[in-house]
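Q: Going down the list, the sequences are from chains V and P. Each residue of the first sequence is one higher than the one before, counting from 1 in my numbering. Each residue of the second sequence is one higher than the one before, counting from 1 in my numbering.
For the record, the hints were derived by calculation from the structure and aren't laboratory data. Among these hints, one or two may not hold up.
Sample of chain V residues lacking proximity to chain P, with all beta carbon distances greater than 10 Å (derived) [stated by the list, open to error]:
hint	residue
1	Gly151
2	Ala165
3	Glu517
Label pairs and their calculated CB-CB ranges [claimed, not checked]:
hint	chain 1	residue 1	chain 2	residue 2	range
4	V	Ser332	P	Ala313	29 to 39 Å
5	V	Glu246	P	Arg244	47 to 57 Å
6	P	Arg316	V	Ala453	24 to 34 Å
7	V	Ser301	P	Val15	21 to 31 Å
8	V	Ser332	P	Val32	53 to 63 Å
9	V	Ala409	P	Arg323	57 to 67 Å
10	P	Arg316	V	Ser301	50 to 60 Å
11	P	Arg244	V	Gly371	20 to 30 Å
12	V	Gly371	P	Pro162	56 to 66 Å
13	V	His530	P	Val15	41 to 51 Å
Covered by chain V, per the in silico footprint, the following chain P stretches (three or more residues, Cβ under 8 Å) [stated by the list, open to error]:
hint	stretch
14	121–132
15	212–224
16	239–249
Using N, Cα and C, we set each Cβ at its ideal position, and we do this for glycine too.
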Amino acid sequence: MSEVALTVRNLRVVFGAAEPVVHGVSFDIAPGECLAIVGESGSGKSVTARSLLGLAGANAHVTADRLELGGRSVLGLTDRAWRARRGKDVGLVLQDALVSLDPLRPIGREIADSLRLHTTLGAAARVRRVLELIEAVGLPDPELQVRKLSGQLSGGERQRALIAAAIAVEAPLLIADEPTTALDVTVQAQILGLLEQIALAGTAILLISHDLAVVSRIAHRVAVMHDGRLVETGGTAQVLGSPRQEQTRRMVAAIPTDKPRGTRLSLTARPADAPGTTCALSTPFPRESTVVLEAIGLSKSFRRPDGSRQLAVDDVSFALHRGSTLGIVGESGSGKTTTARLLLALLAPEHGEVQVRGQPWSAAGEKTRRGLRASVGAIYQDALGSFDPRWNVAEILTDALGLRHERRAPQTTARLTTLLDEVGLAASALPRRPLELSGGQRQRVGIARALAARPEILICDEPVSSLDVSVQAQVLDLLDDVQREHALSLVFISHDLGVVAHVSDQIAVMRAGRIVESGPARRVFAAPQHPYTAQLLAAVPRLPA
Amino acid sequence: MAEPVGPRGATLRVVLRVLGRLAARLGGAVFVLWAVASVTFFAVRLIPGDPAQAVLGGPGSQASPEALAAVSSEYGFDQPVIVQYLTQLGRLSTGDLGRSYALNMDVGPLVLSQLGSTVLLAVLALTLAWLLALALATWSTRGGTIAFRVGSSLEIVAAALPHFWLATSLIVVFSIWLGVLPPISTSGVAGLVLPVLTLAVPLAGFLGQIMRESLQVALESPFVLSARARGESERGVRWVHALRHASLPAISLSGWAFGSLISGAVVVETIFARPGLGRTLLNAVTLRDVPVVIGVVMIVAVTYILMTLLTDAASRLVDPRLRLL
């Protein structure tokens with residue numbers, strides 16, 4: 001039975017007396033094969049993955065007709081027997097390597113742990129093997145790396161170290177749970193390439209992700225998970241090319257990359273809007289030439305811990321026209337967020353200035369600016385962190401409307417309900433606190449808060465980066481709707497070129513604080529002029545054509 | 001990402017940074033000692049009565065006005081307060097703690113002779129508190145819901161126990177009822193048990209609460225899941241990963257805890273009639289023996305500063321990230 005690395009038949013996982021989280025899931029993976037389980041958060045994909053390691057949790061009840069790693073059953077194993085097989089028969093790579101590697105231990109030790117637990121290698125042999133592994137996952141200077149702490153590595157390097165730890169004893173099965181979610185697109189492409197290499201060497205890979213486009217690059221087969229069930233399984237090209245189930249179609253439609261501006265990404269309650277069709281309201285955007293927001297030669301630097309200065313934003317200029325969207329795209333550290341803060345006048349530029357409707361904005365005093373602040377709104381990536389956790393939705397929005405002193409008035413409640421309705425939330429959300437809302441609902445409240453002051457301009461800093469692809473689709477559609485309804489001008493900042501290209505009229509590509517390329521979105525996407533833009537474009541995960 | 005820097009420039013920068021840090025430490029220590037000396041000097045002045053009385057055997061000694069005047073001019077009590085203060089500071093800055101009014105001996109050797117006994121008490125209590133806290137935190141995060149509730153309740157109760165009450169109760173139980181341990185601190189090991197327990201138990205409750213919380217956070221973090229997925233055993237997860245994280249906040253608090261142990265020693269040494277700084281301080285305050293009071297307080301401040309340096313070093317040992325700064 002060596003042709004099957006993993007056999008799962010009718011796997012069920014129940015926590016306590018609640019409804020099962022995983023209902024009867026079955027699949028196989030052959031050596032050298034990569035199977036991707038794709039689903040939204042809460043679909044049960046991570047629990048499924050952890051059950052295969054016997055780590056679903058202390059109060060999880062796991063049952064299955066068959067559950068075999070490399071042909072040997074792992075059903076009913078004792079704790080000790082499980083420990084002997086974890087790491088040896090199956091390795092695990094988790095999402096965020098910053099917290100998935102012990103921050104107090106050098107990565108060399110973390111990688112050597114599996115060797116210490118599962119092999120009889122002596123100390124010197126272990127060191128040699130660790131160096132080999134570090135080299136195999138593509139990290140330069142192995143001797144230097146072994147002594148580094150995870151905090152000293154970049155996101156991509158950490159993920160490589162984590163993979164090295166998981167493949168140390170050449171486990172025949174590697175489970176990768178969202179291994180690239182926190183990474184920039186170019187780094188993501190490299191990590192996927194590394195996983196593909198590992199599969200080519202004969203290791204079976206179970207890839208868990210919420211993003212179909214990401215897995216389509218390396219998965220041989222895809223299984224779509226929804227509500228604890230595998231709703232569709234098949235070859236990657238077949239599942240993505242001709243999805244049979246609604247759930248799969250929804251996920252395929254949600255991918256923004258290569259979809260023209262104005263295309264609906266989500267199935268919503270609004271009847272005219274089926275996903276994939278261009279919006280019924282797609283009257284050409286009112287292309288006005290009025291400039292509402294202008295950045296003129298902005299520069300800003302920060303002091304590094306060692307005292308030298310780093311130029312975070314370097315001579316950045318652009319203009320935002322009324323009713324249009326300017327997308328700013330760049331990888332982490334490119335100066336996007338600093339630019340957003342400069343635009344919001346939360347930071348003062350060292351050189352240059354920001355003007356709103358031709359009037360001084362960054363150069364004005366804070367007193368003058370406060371009167372104008374209502375016209376420039378902001379939406380942040382971490383919606384949860386941007387709310388006072390003790391406030392409920394009603395309090396958050398009442399505050400944003402400036403009606404704190406009339407919070408009991410009936411017209412206030414009416415305005416709150418209208419505001420929530422605009423962002424697709426029911427009035428029943430009013431008494432809830434941010435922690436009780438889902439990620440997508442939180443971002444909707446964030447948008448409602450930004451709309452409350454009736455702004456003309458919205459600065460959106462990575463507004464969908466922490467969301468599942470399907471929720472991202474809904475939020476992007478929502479932003480599109482509110483932009484039309486209120487003739488808003490948007491600055492949309494993201495590391496995801498696919499998203500930016502979908503939402504923007506104009507694009508500016510940032511790298512190391514400078515804009516390396518800018519122009520109409522369609523032109524930049526179709527014919528990039530700068531090699532860096534081309535490199536970013538090539539790394540964007542997209543569905544096979 | 002960084003601009004090119006020559007190796008010599010980098011080394012120089014590291015050396016300067018280390019020197020700067022040392023200078024800041026030393027400056028901080030000198031400032032603390034100055035502040036302690038000043039506050040103590042003026043606080044002792046606030047005790048009503050003539051310090052010359054103290055020199056001549058306390059308020060009950062009925063010394064003649066002539067004798068009092070002679071002592072006043074000899075010790076400088078007739079000088080303005082500010083002059084006395086500056087004289088005192090000048091003397092302290094040369095390391096001279098002065099002479100005791102009541103015992104007619106130099107304060108330095110007097111205080112140092114008592115220091116060992118108190119430091120032994122405090123170090124033993126701190127060690128025991130750490131062991132108890134570790135055991136309690138480990139057991140309560142391991143043994144399920146009931147162990148968790150029992151463990152956290154025990155910690156709260158222990159942390160809330162006042163020293164004088166605990167000391168008296170321990171004496172009643174172990175000396176009077178069971179008769180196994182002496183109620184007065186004798187020189188042997190048996191005499192140390194009750195005083196050390198009195199100091200250690202409340203501190204263990206306090207440290208245990210902190211350790212249990214950080215242990216829980218560490219045990220739920222993804223790096224522990226990664227370690228388990230590698231086949232690490234429960235014991236390995238705790239000893240290799242989690243306990244190290246759990247001990248960090250407790251280590252930082254140990255410097256402060258050591259200070260509180262020394263102040264706790266005042267009560268404990270008095271109750272168990274044990275020689276030490278605490279009792280010396282209490283007697284000196286009663287007798288208005290200003291040089292001894294200041295001497296004890298200064299020595300305690302120095303131990304406190306040393307202890308803070310030690311806990312910093314221990315933190316750096318356990319947390320390699322601190323060594324990178």
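Q: Take the hints in turn and mark each one as holding or not.
A: Checked hints:
no.: 1; hint: Gly151; result: 6 Å, violated
no.: 2; hint: Ala165; result: 7 Å, violated
no.: 3; hint: Glu517; result: 21 Å, holds
no.: 4; hint: Ser332/V - Ala313/P: 29 to 39 Å; result: 35 Å, holds
no.: 5; hint: Glu246/V - Arg244/P: 47 to 57 Å; result: 49 Å, holds
no.: 6; hint: Arg316/P - Ala453/V: 24 to 34 Å; result: 49 Å, violated
no.: 7; hint: Ser301/V - Val15/P: 21 to 31 Å; result: 26 Å, holds
no.: 8; hint: Ser332/V - Val32/P: 53 to 63 Å; result: 42 Å, violated
no.: 9; hint: Ala409/V - Arg323/P: 57 to 67 Å; result: 59 Å, holds
no.: 10; hint: Arg316/P - Ser301/V: 50 to 60 Å; result: 31 Å, violated
no.: 11; hint: Arg244/P - Gly371/V: 20 to 30 Å; result: 53 Å, violated
no.: 12; hint: Gly371/V - Pro162/P: 56 to 66 Å; result: 58 Å, holds
no.: 13; hint: His530/V - Val15/P: 41 to 51 Å; result: 43 Å, holds
no.: 14; hint: 121–132; result: violated (count 0)
no.: 15; hint: 212–224; result: holds (count 3)
no.: 16; hint: 239–249; result: holds (count 4)
Checked against the numbered hints above, the structure violates hints 1, 2, 6, 8, 10, 11, 14; every other hint is satisfied.
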